[in-house]
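Protein chains in written order, with our numbering: chain H, 1 to 355; chain X, 1 to 355; chain Z, 1 to 398; chain R, 1 to 398.
Don't take each hint at face value.
Stated by the list, open to error - Below, simulated DSSO-like cross-link-like pairs (lysine-lysine); rule was C-alpha separation at most 30 Å, straight line:
{"id": "1", "chain 1": "Z", "residue 1": "Lys179", "chain 2": "R", "residue 2": "Lys390"}
{"id": "2", "chain 1": "H", "residue 1": "Lys143", "chain 2": "Z", "residue 2": "Lys272"}
{"id": "3", "chain 1": "Z", "residue 1": "Lys390", "chain 2": "R", "residue 2": "Lys390"}
{"id": "4", "chain 1": "Z", "residue 1": "Lys390", "chain 2": "R", "residue 2": "Lys179"}
{"id": "5", "chain 1": "R", "residue 1": "Lys272", "chain 2": "Z", "residue 2": "Lys272"}
{"id": "6", "chain 1": "R", "residue 1": "Lys36", "chain 2": "R", "residue 2": "Lys113"}
{"id": "7", "chain 1": "R", "residue 1": "Lys393", "chain 2": "Z", "residue 2": "Lys179"}
{"id": "8", "chain 1": "H", "residue 1": "Lys143", "chain 2": "Z", "residue 2": "Lys261"}
Stated by the list, open to error - Calculated from the model, a selection of chain X residues having no Cβ within reach of chain H, i.e. all distances over 10 Å:
{"id": "9", "residue": "Pro25"}
{"id": "10", "residue": "Arg30"}
{"id": "11", "residue": "Gly45"}
{"id": "12", "residue": "Gly50"}
{"id": "13", "residue": "Gly61"}
{"id": "14", "residue": "Gly101"}
{"id": "15", "residue": "Ala171"}
{"id": "16", "residue": "Ser180"}
{"id": "17", "residue": "Arg306"}
{"id": "18", "residue": "His350"}
Please keep in mind that the hints were generated in silico from the structure rather than gathered at the bench.
Quick reminder that beta carbons are idealized off the backbone N, C-alpha and C, glycines included.
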Amino acid sequence: MEFGLSSEQTLLQDSVTRYLAEQQPLDAVRKVAEGENEDALVWQGLAELGIPGILISEENGGLGLGSLDAAVVAEALGYHVTPAPFLSSAVIAPVALQTAGQHQDLLGSVATGEIRIGAALAEGISARADAGVTVDGNKLSGKSLFVLDADADHYLVATAEQKLYLVAADAAGLTRTPLSTIEKTRSTCELVYDKVDAQLVSEDPGVLAKTWDAALVAIAADTLGASQCALDQAVAYSLQREQFNRVIASFQAVKHMCAEMAAALEPCRSMVWYAAHALDEIPEEATMMACHTKAHLSEVGQFVTRTATEVHGGMGFTDLVGLHYWFKRAGFNRQILGTPELLRRRAFDHQQMVA
Amino acid sequence: MEFGLSSEQTLLQDSVTRYLAEQQPLDAVRKVAEGENEDALVWQGLAELGIPGILISEENGGLGLGSLDAAVVAEALGYHVTPAPFLSSAVIAPVALQTAGQHQDLLGSVATGEIRIGAALAEGISARADAGVTVDGNKLSGKSLFVLDADADHYLVATAEQKLYLVAADAAGLTRTPLSTIEKTRSTCELVYDKVDAQLVSEDPGVLAKTWDAALVAIAADTLGASQCALDQAVAYSLQREQFNRVIASFQAVKHMCAEMAAALEPCRSMVWYAAHALDEIPEEATMMACHTKAHLSEVGQFVTRTATEVHGGMGFTDLVGLHYWFKRAGFNRQILGTPELLRRRAFDHQQMVA
Amino acid sequence: MDLSFGPEYESFRAEVQQFIADHGNKSPRQGGARNKDAITWQKLLIENGYAARTIPREYGGYGAEPDIIKSRIIAEEFSKNQINTGLGGQGISMLTPVLLEMGSEEQKQQFIKPTIEGDMVWCQGYSEPGAGSDLASLSTKAELDGDEWVVNGQKIWTSTAQLADWIFCLVRTEPDAPKHQGISFLLFRMDTPGIEIRPLVDMTGEANFNEVFFTDVRVPKHQIVGQRGQGWQVANAILGHERGSLAPPDAAQTRLNGVAKLMNSETMSGEKLIDNSVFKDRLMKLQGRVLAMRCNDMRLLSARINKGQDAKLAGMIVKLQGTELRHELEALAIDVMGEIGLSYGSDNPYLRGNGSWQHTYMYYLGLIIGGGTSQIQKNIISERGLGMPKEPKIEQGG
Amino acid sequence: MDLSFGPEYESFRAEVQQFIADHGNKSPRQGGARNKDAITWQKLLIENGYAARTIPREYGGYGAEPDIIKSRIIAEEFSKNQINTGLGGQGISMLTPVLLEMGSEEQKQQFIKPTIEGDMVWCQGYSEPGAGSDLASLSTKAELDGDEWVVNGQKIWTSTAQLADWIFCLVRTEPDAPKHQGISFLLFRMDTPGIEIRPLVDMTGEANFNEVFFTDVRVPKHQIVGQRGQGWQVANAILGHERGSLAPPDAAQTRLNGVAKLMNSETMSGEKLIDNSVFKDRLMKLQGRVLAMRCNDMRLLSARINKGQDAKLAGMIVKLQGTELRHELEALAIDVMGEIGLSYGSDNPYLRGNGSWQHTYMYYLGLIIGGGTSQIQKNIISERGLGMPKEPKIEQGG
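Taking the hints into account, I'd like the entire structure generated from these sequences.
Written out as structure tokens, the structure reads:
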């Protein structure tokens, strides 16, 4: 019995972490966030480590690793608020296409980082505003909001009937408009379809469900990393910042804020591990765990990134320290692909709590 | 403009407080809670101050005061965890009978403390379990749970159709069984009706609603008093208890717990005042304010009495200090005549928040 | 309990209403320093006693006796009719009262009139990167060189520094004195050589504040308020003014109505969010807290009118409770909107309320921290409100 | 990630299952000291290695090598089949490990066997009214008079004092030494003259604990574990044992299922409470936290099996999070029941779950406070877990 990361997984996390710490410090993140650089650069770097293909099977040209490996990478990316299309290209698209067994020929180029596949799932989950996608033949009409990755080459699109389609970014009749959000490290866009040619991925709602579950765990892992970094920064800052002739880490109020963050966050690590493991190995718990893990991490992530900001005092509010990148990362993760309330409802519906 | 207590109200509160502090210290409360004494003793003492008749009009033999006066007394009773049937006999019954204009001849004896009227309203508010009261002619059948005051001479009974009746405690076909709860300072019972003769008070659901509103504010005021006393005890204890060679009040964690209690509680005082004032003077806000005030005080009361217990450390858990009387008083007040969730729903329904 | 202001004030209210009826059309849509319409409007307000109301006529004010109820009536009527209430800014809200209290006659003559009329704009130089909660540990220093102070150091959180003509600034003039006794309160022009302003971008993405750097900034010796070393006392004479206004409960009520409106228009999978019991319960929970704070505010107003009433604790908790409440209100709005709640930036067509939900959510987190963090507030409440001991002194090296 | 114990342990599990099949019918319904059936059962368990498993045979145990997985399998199978897991009590859980670690050979011979077999019942004398969080400040003193210690003072929170044959007790023997170095660890009989026991009623209304008063209690000199003045170190060798077990996550899961069941059977105005979205959301929120703690627990088990894994922080937070979680779970159950949730006392026909909801709600508040309050837990987490400084020393008179 071993509950935790294998030595290979630790190595994987270390190698991603080392790359990000060296090549993608906050200054580099800032350049992408402020529009000076594109996230293609870091994605290419990650591609050299094989990251885009982490969930892509070896015969499809990827590393063929599992969900826990993907979670471990997601955590590292969250820790470094890395601007990269990991969630859509490396998790959502590969899981969908491989589960459906369709269009897997695309995945080789995804694994090398040559092409990116964005994800327009929101309308299959809980349609907002006047969005929604309808199908006539293999033509899509309507629109998708807050599509992940404004720079993708293809998009995986969910319809209101929970079918999945693939459309090319340059397809006739497709209009793509970036949507600016609080989160500048990852881009979203709106897609408007006017009878756009689409390729069916799956009509089985189970494929969307499985894809969604995988995405939820990856998002939770990203929040775990972001929150852990916010906590680490708060502790480090408190040990160095002096007020009233002592480091603020010596004030019981500050100590207790940090202790509360750690106490809330530490069990989340095990929860993310287990939820990722369940995706591959314990199918009967997978959806319930995925929903709970994303919902719980959303709550904890909000608490931790906010409290870490408070520990930083005024500096936490400035762009100088940049702590807000972590705050916004956790905030973004909370809202996308299901708010905590929606996911808790789904978790309830997916278990027989009482006879 | 004067938002607060008049000098008469301050005098009233002082006189009740002085009586309770002198004649009803915790030892006396304990005797009632442990079944050694009856609450009739304190009720007689309060009757000498006119308290049972506080809301009874002068022509009906009472003091003819207003809801804010009643709230001020309820706060004092909560502060001293006084075992007395104030809520049922001095608030619920007088409001119901005077609003309906029925059976007011009873109120003279209520005002002197000679007779007590219990309140069986729960089934008119949100029936639980298999309880419920039906009427045939003027005969009641069924049962009421958690009726306030197990020792009353008459009971005000609400039916599922929100009508109000009065029954005598010794009426044929009525079975009364005390129900033990965590709260030993106030008694509750079950009433089982087997074609019991009853006198109609009102068929108008508005009478029950108005009575309920008055009860909600009185309960909130009781919680305000109980919470304030718990906070006062916590501060006093922290200033006297030493650990690690200093009074625990000098630890920032303890200070902040007390500050959080005070910050949550202090606005509640104004809220209770306003809600009580609204009962008499601002009818369009009365129900909304009553629901919110009881719901909000329930949350704050739970937080404060729990945190005060924590400040006391192990001593707070013992019966020696007796702090649990305040904890349970606030706990009882939270559950009766509408949980916070139910009252918030009612508050929502009673206002036009959006067009 | 009497919630009316009484008949004697109703004629005053009628006067205010008449003024609004006559002149309301001149109310500028945008306020702020350097805005010509706003300055013209400000002068009209002063003339009629609706701004600088209690400032003596000799210094350019209206010269009325302080009357809290009249001030409240003015505020209520202007707010109800969405009329611009005149210029704000730290020169008017903070420096003017300090000059009236502690300034020399010459200083009052020189500064108050142009300040309240909007012709002289000020910024405040208090906080420093190393002196936040512990403001008295500030280290910007001023040394006397002949007839001039030579100022060196850095200030932060200086709003409107780019616009300001002058700064009122705390500097350390007696380095060897205990920290609260070594500070002086200087006034100087922002175009003095040696001043550099850098915009300070915050988490909202805007530069609401600045950093200001001083390098050998030379200030005439007499531009000091109070005595040398008395600056801490001078500043504290007005510090209290800032607190309560950070979390006005009426604004919270307006905001709460805004969330309800949002819930009424937004849908999730076809369901109106106002019909979602979980969000509705959260909304009502917050309304309970908003109502409690509104009642608390009435009590505070009453205590200001009726001197006998004690509302000390009720006043002390306003900032702590009010800022937290607002932060949570904005958070609910964001949650309710799901993905749409992430929108930020005027080019996003799904932006709701001009992006104010996300903006205010972050801004109020800033306010929870700023102007005395919640931790400092709790220290104050427990010490001054509940009589608990101050943080004990630490053994050196301990 | 490997959640199975592997095939080599499956035969062990089969053995345990066989034992349960053969002997499960002898499992006593009630455990507890002085219960004959429980003592007989305990001896059968020891014989088969299901109790006192790793205690050497020479002291009456089963003498197995420590094997965390086997212990877990035993626990799992016994729990699954609701089989009594043998005697508990502080003599077995706390004193026995300390004697094995620090006791003299004579003490081991004398005490361990009768203790684990349930023939000798112990109580613990650590806390005092004046020494709670600051346990080392205890003041019960023992003075040497010839060959005997003379003990005077008072203990509190002493469970099973009325039943106990013996007490293991911390006393101050060196009043002039620094507080952690003046304490000794004594063992003495509870029928020694001069001991008075008073039941300590707590907020649940039960006397789960006692106060114990010592007046000139004479204890033979040699009844000390470790050296004079070493008592603090002796006690700390086992203090860690207590923490984690206060908030087992499996119990939280069982309890959560209980709330769900309650919500399925209770109604409000005809609506099943499991259909009430607000309560459902609260239930699910708590389930998220329960699941997180269960996963955390798996990690802790794994770290005990696989020595290389670091789970220090994961272990440190268990008590803080677990006790709070349980308290909130019980609170939800009470809220869900409305007035019925107030029921307390076996004569109340509306009592649900034997009154355990209210009881456990209060009892867990006691646990939040006891065994190291949440405030102390946060100090420990921040200092030992996060490397933040200890509370600085205070200037005397400061």
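Checked hints:
no.: 1; hint: Lys179(Z) to Lys390(R); in the structure: holds (26 Å)
no.: 2; hint: Lys143(H) to Lys272(Z); in the structure: holds (20 Å)
no.: 3; hint: Lys390(Z) to Lys390(R); in the structure: holds (19 Å)
no.: 4; hint: Lys390(Z) to Lys179(R); in the structure: holds (26 Å)
no.: 5; hint: Lys272(R) to Lys272(Z); in the structure: holds (23 Å)
no.: 6; hint: Lys36(R) to Lys113(R); in the structure: holds (17 Å)
no.: 7; hint: Lys393(R) to Lys179(Z); in the structure: holds (22 Å)
no.: 8; hint: Lys143(H) to Lys261(Z); in the structure: holds (25 Å)
no.: 9; hint: Pro25; in the structure: holds (35 Å)
no.: 10; hint: Arg30; in the structure: holds (35 Å)
no.: 11; hint: Gly45; in the structure: holds (45 Å)
no.: 12; hint: Gly50; in the structure: holds (48 Å)
no.: 13; hint: Gly61; in the structure: holds (54 Å)
no.: 14; hint: Gly101; in the structure: holds (47 Å)
no.: 15; hint: Ala171; in the structure: holds (41 Å)
no.: 16; hint: Ser180; in the structure: holds (28 Å)
no.: 17; hint: Arg306; in the structure: holds (17 Å)
no.: 18; hint: His350; in the structure: holds (24 Å)
Of the numbered hints stated above, none is contradicted by the structure.
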